[in-house]
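Protein chains in written order, with numbering that gives the first Met the number 0: chain A, 0 to 378; chain B, 0 to 1093.
Check each hint, because a few of them may be wrong.
[Claimed, not checked] Simulated pairs of lysine-lysine, DSSO-like, Cα-Cα distance not exceeding 27 Å:
#	chain 1	residue 1	chain 2	residue 2
1	B	K225	A	K6
2	B	K81	A	K310
3	B	K805	B	K36
4	A	K145	A	K111
5	B	K81	A	K6
6	A	K28	B	K485
7	B	K532	A	K310
8	B	K36	A	K6
9	B	K139	B	K77
10	A	K297	B	K995
11	B	K225	B	K39
12	B	K485	A	K145
13	B	K271	A	K297
14	A	K161	A	K278
15	A	K297	A	K172
16	A	K249	A	K145
17	B	K81	A	K297
It should be emphasised that the hints constitute simulated quantities derived from the structure, not laboratory data.
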Amino acid sequence: MSRFFQKRDLAKLVLEDGRVFVGEHFGAKGSAFGEAVFATGMTGYQETLTDPSYYKQIVIQTAPHIGNTGFNDEDNESSKIWVAGYVVRDPSRIDSNWRSKRTLEIELIAQKIVGISQVDTRALTRHLRDIGAMRSGIFSDEQVSKSDQELVELVKGSSQMKGANLTEDVSTKTAFVYPAEGEKKFQIAALDLGMKTNILNHLAKRGVETHVLPASSEASEVLKVGKDGVFLSNGPGDPATATHLVGVTKEVLKSHRPLFGICFGNQILGRALGLDTYKLVFGHRGQNQPVMDLASGKVEITTHNHGFAVKSDAATFETEFGLGEVTHRCLNDDVVEGLQVKEAKAFSVQYHPEAAAGPHDADYLFDRFVDLMKENANA
Amino acid sequence: MQMPRREEIKSVLIIGSGPIVIGQACEFDYSGTQACKVLKQEGLRVILVNSNPATIMTDPQFADATYVEPINPEIVEKIIAKERPDALLPTLGGQTALNTAMALHKNGVLEKYEVELIGANVAAIESGENREIFKTLVQKIGGEVARSAICHTLDEVLSSAKVLGYPLVVRPSFTMGGAGSGFANDEEELIKIATAGLSASPTSEVLLEESILGWKEYELELMRDKNDNVVVICSIENIDPMGVHTGDSITVAPALTLTDREYQKMRDMAIKVIREVGVDTGGCNIQFAIDPNDGRMIVIEMNPRVSRSSALASKATGFPIAKIAARLALGYSLDEIANDITKKTPASFEPTLDYIVVKVPRFAFEKFPQADPVLTTHMKSVGEAMAIGRNFTESLQKALRSLEKKESIFSFEPEQVEINQLIEKASIPTDGRIKTVQRSLFLGASVEELYESTKIDPWFLDQIQLINEVAKEIKLQGELSEDLIKTAKRHGFSDKQIADILGLSEAEVREYRHKRNLRPVYKTVDTCAAEFKAYTPYHYSSWDQETELAPSDKKKIIILGSGPNRIGQGIEFDYSCVHAAQTLSEAGFETIMINCNPETVSTDYDTSDRLFFEPLTLEDVLEVIHAESNSGELLGVIVQLGGQTPLGLAQGLKAEGVEILGTAPEAIHAAEDRGAFGEVLAKAHLIAPKHATARSYQEAKIIAEEIGYPVLVRPSYVLGGRGMEIVYDENLLEEYIQKATAIAPEHPVLVDRFLDDALEIDVDALFDGTDIYIAGIMEHIEEAGVHSGDSACVIPPVSLSDDDIKDIAESTRKLAEGIGVRGLMNVQFALHQGQLYVLEANPRASRTVPFVAKATATAIAKAASRIMAGESIADLKKVGVLPNNDVTVKLSNAPIAVKEAVLPFGRFHGVDTVLGPEMKSTGEVMGINHSFAMAFAKSQSGAFSSGLPKSGSVFISAADRDKTEMKDSIEILYNLGFKVFATSGTAKFLAEHSIKAEVLRKHYEGEVAGEKTTIQAINEGLIDLVVNTPFGVGPRVDGYEIRTAATLRMIPIITTARGLKAAAGAIAALNKEGMQVESLQSHAKTINLARAEL
Ligand SMILES: Nc1ncnc2c1ncn2[C@@H]1O[C@H](COP(=O)(O)OP(=O)(O)O)[C@@H](O)[C@H]1O
Ligand SMILES: Nc1ncnc2c1ncn2[C@@H]1O[C@H](COP(=O)(O)OP(=O)(O)O)[C@@H](O)[C@H]1O
Ligand SMILES: [Mg+2]
Ligand SMILES: [Mg+2]
């Protein structure tokens, strides 16, 4: 298997502020545009690539070696790779894992994902940390021969993340049912805003049958199939644009049906409760984020993937559905990571209890949702 | 931040880990020092006990009461009784501290004196360390363990073996570094290993276990706080699969061949384990094995304490585990402690790495030719080097060159070999196996073939293949180009490697590179992959795009460390480097440390103003120098504190125009080059033992005859007494020349007159160009011929006359002047029949600097650093850094300090334990007291777990030349009621002096009519002390067998007449009075009072 060493073709990563990183092509050849964001996880690139929340984003992996364990058929978080482009330093030449089916690069090419390698990803990360996430482009086709100035113009012409409504693109077009494992205990409706598979697994494991609905569904449909509860999924885009979803959520709150939201879902609930959302400078994307459960004072190490957040300096706030509380905060920067309204039986977190990739410290939240539905049923 | 810590704790006792031994090295000085710092910051009274004087932690400033005393329950109880600490923190001093703490709990001492164990609880230690309890507990929480059986007797062992089947692993409980463990493929091997194992375990308990050789091996470092917050600090993957002790494996952080699912499975299990075991606060380390075919996961073991791996993990991630562990023990929770590096974020997080760390072990098999070099579950390495790079290839190659062993570095010359033999060779784990792997791949073997033979994960093999391919690419292009250099450097190639491939000189490659300004950049270790700003200048080089070195306006001084620990160069040198960093920082300089040893205090980012974790090669050091010169004003480089490693770089650095602070390279040459040194001696009218250089056996013979036997022979091209032997006659000379050296004109052999029965003296001194300060005069216990590093020695000298001392001081001054020393110098003299000979002079800090500093309560390493930075001895006396009089002025009732060496023979079965001119010890202990006898007694119980027996029986077998000298000592023991056993000759001699001795038959004579052989007697435990002085060199069968048997049963052995004299005195003293403990601080008071009286 002596794959003889060879340099690959030139590729460029171009940021809208004019900074250009030169590297080698990786994955499919072409041009790709998206918001440049860095992810600091050291494991789980397959889950990251297939997480719909990364839609329209060019993901930079701070971990230098990517692809070591190849690509398998079990760890996908959705039906496909969603990232707009992929930036790594040292892609693996082989796949080494008993579950692997093919190398990462073969998969990237098959799914036409444009990537770039050999980039000083740390320099890039420091830049984004200081200046903030911004639009960017990867060029590994004939475009690469264009002048940096021209390439920057191309990037500036691409779409912004702020104000972007991406839900339509990632949401399922038709409703479907994800059965419970073993005996069915509860039936819920889940609005698919870019939902990760492992969320469904966690629910199913707990005897929950999930009716996954398109994001455009009306409150009535939601409440119809969501007999025991409603779930708002994670997903990409600017929550400020999700007017319809906020409307639906308010209806659910009025109904006092147990409600659980994750990530984008947390932002939707926040807005439904009258809070604002805002764009973070460079966001939270990693698997080592310390979040404190303010009730217990315990710290969870959690997976994050959000560029926007809910705004609330106050620990509690009045809402038309009862007293709202901030239940979790990130210890690194105090960003709101969880909300609840006890009266309305609604709660949500900004981070990812379903992990995949990442630590499992927070999966108790799915139990919390199930318990809520139990109480509600018994009441 | 509020103060949530437990206010009722006002004083804490910390137990150190004692002498450096294989499996327990200076990583515990690092963790202990961190803990002391933290506890003092918290305003607690810190009481420390550690018998190892070479440690930083035992510097008086780090504790309020520092006891350099033997670490055993009796002594520690005395300390507790005296100091009455509120709490005992046992988790930072390795297995030694943990076992001692457990003993003190079991025998009720802790309860009696109301001392609370903090940072660990007894139940947790029990279930973590006891393999049986641990296994059941793991199964209880749904984990899998290797099938096994616990045995307490050999019979149990054999019957269980029948159930489990071979091959088996034997592992004793409550031991560290795999002491007494190993693989058994059949019953014979099993008996051998299990016997050793049962005696190695303090609970005489061993675990037999199904072998899972070849599985992937991992370690997780975790921390837990009182609120049950658990974080994983670091994942470490062993490149060498299961079967090679983690301490001997090449390891990489973070783990590189796991999917998130497998990693999280491991993390979940680790967290369950730490909770179930009940480690309520602090760090712990858990090992896992994973079946590469289906991912089946097995939990191997846990260490409920800070371990070697925690030190590695701390350096690898920038997360200071020991420091945090100490805070947690005081009742803080992780979220209440700030992350030093980011300042803003809390310690309750999991570090994420954007670089790759590789650790490689350093072995010393060349010192123990008879030792079995195959790596197994029983740790054999004496040190390690760590490297950081932005990818694996860069990091691996940096790590390999950090070892300072030419053979370790990947090479790419063609070679005619039977490739299958090479692949076969790679299947046996040994020192340098990775090189065999690289060569096999380079010479045409496939990754699959090597995976089959080594079970090293194909990913790593492919990376090594990648390195080979880059090498081939270099060869193919045939000449330097910017692109080629960038590519090669990105994969860790040194200028030398590139030069070798292209047939150029290293200098040519470097010149080409520098002309085009092709240089590495410097990145920062920040725990968070750049997500947050880092405030700690902890750097590593990489061939990437952006550098992160901040400019500074302070005057800079670079200190070169001593690299991986090895026999002859270890913690003692790190001690001096750390002192330099501390003093020079205080003096307002910006201190910059360069070192690659993860175990040390010098590589703690708190120690210097800037830390560069880099190999200590000319190339790597020059690049740091260049980078630092661009970021401010660099005054120069200190090379005399890190031992031979930096000293060896002095010439090269000078040639590149680098300013060397302190002793100049020319002066270093004058001391190290035999010819030049000869002139220095001549000018000073000093004499060395007659010597000459032989280029052939014939020449050697003639020289030896003219000098007169015995002679000391050594190859001229090796250092550290390597290959040095005492030769008593022509036959032995021939033998030596044949086996030891390929004598040739280019490889001459040095022949010295051997000063038989001479007294050896070590001197450490400071010189500033005008004044000399004699810092320490050490009288060796063993006669010259035993390497200064292995010989016990005493301060102040006990048998030297005032004239001798004058003579020594004056000779030292002449040498310092003649050589041109600025700073520290170490001289070894031999006093032979009233004549003083110079054996050698080292123009650098010596191994004995920390011992001298502690014995004389003088910070000589600090003084040396300030001399190098331009101050004079006179100045230093004015400001009180040095006392007005040096040690040539005797002090009334000053304490007496004895240093004893600690030898690794117990780890290398089959290796003879005789001391000789080649250094073999890994560590040292100090005994300090007001009488020599008691100080010596302490040094012995510090060095041997058992210590000297107060009564019982002694076995004596002496070479004729020693008998007369030994008579008096034996009489002392005899009169103390010792039963004396002896070999026939010795017994006869003793009878003549009316000492009754029972004769034991020689081993080869075998048992006859109930008359036991020595070995039988030893094995049956009839003997408490072995005295065996061998004649000549090489293991002479009987003596060898005796010493080996004694070593296995850990019975103290004395191999010299002088050693026996000291021991007899000590035993007598022990019978008169018990050992009393006293802190260094209180000894210092005595010394300073005496000084004031002058
Ligand atoms: N069942 C086994 N089969 C094969 N190798 C083993 C087994 N158990 C342990 N080992 C090897 O022995 C080494 C030492 O074992 P460990 O339990 O970690 O003892 P120690 O306390 O000395 O670290 C491990 O690093 C591993 O490589
Ligand atoms: N001429 C000699 N006579 C007796 N012993 C000697 C002589 N030369 C060296 N030795 C012994 O050998 C040891 C090592 O020799 P040394 O020159 O100090 O080598 P190293 O560089 O290893 O310190 C010394 O400590 C001393 O005990
Ligand atoms: Mg271990
Ligand atoms: Mg010497």
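Verification of the supplied hints:
1. At roughly 52 Å between alpha-carbon atoms, K225/B and K6/A are farther apart than 27 Å, so this suggested pair is violated.
2. Pair hint K81/B plus K310/A does not hold up; C-alpha atoms about 59 Å apart against a cutoff of 27 Å.
3. As the CA atoms of K805/B and K36/B are separated by approximately 41 Å, the hinted pair breaks the 27 Å bound.
4. Taking the CA atoms of K145/A and K111/A, the gap is near 22 Å; set against the 27 Å cutoff, the hint holds.
5. Distance hint between K81/B and K6/A is unfulfilled; the C-alpha atoms sit about 70 Å from each other, more than 27 Å.
6. Using a Cα cut-off of 27 Å, the hinted pair K28/A and K485/B holds, with the two alpha carbons roughly 24 Å apart.
7. Among the hinted pairs, K532/B with K310/A is consistent with the structure: their alpha-carbon atoms are about 24 Å apart, no more than 27 Å.
8. At most 27 Å may separate the alpha-carbon atoms for a hinted pair to count; K36/B and K6/A exceed this at roughly 50 Å.
9. Distance check on the hinted pair: K139/B and K77/B sit about 41 Å apart at the alpha-carbon level, beyond 27 Å; violated.
10. Distance hint between K297/A and K995/B is unfulfilled; the C-alpha atoms sit about 73 Å from each other, more than 27 Å.
11. For a cut-off of 27 Å, the pair hint linking K225/B to K39/B stands: about 21 Å separates their Cα positions.
12. Between K485/B and K145/A the CA atoms are separated by roughly 25 Å; this keeps the pair inside 27 Å, and the hint holds.
13. Straight-line distance between C-alpha atoms of K271/B and K297/A comes to about 17 Å, which keeps the hinted pair within the 27 Å bound.
14. Taking the CA atoms of K161/A and K278/A, the gap is about 7 Å. The hint holds against a cut of 27 Å.
15. Under the criterion of a C-alpha separation no larger than 27 Å, the hint pairing K297/A with K172/A is inconsistent with the structure, at around 40 Å.
16. Distance hint between K249/A and K145/A is unfulfilled; the C-alpha atoms sit about 50 Å from each other, more than 27 Å.
17. A C-alpha spacing of about 41 Å is found between K81/B and K297/A, which places the hinted pair above 27 Å, so the restraint is violated.
Violated hints, listed in ascending order, are 1, 2, 3, 5, 8, 9, 10, 15, 16 and 17; each of the other numbered hints is respected by the structure.
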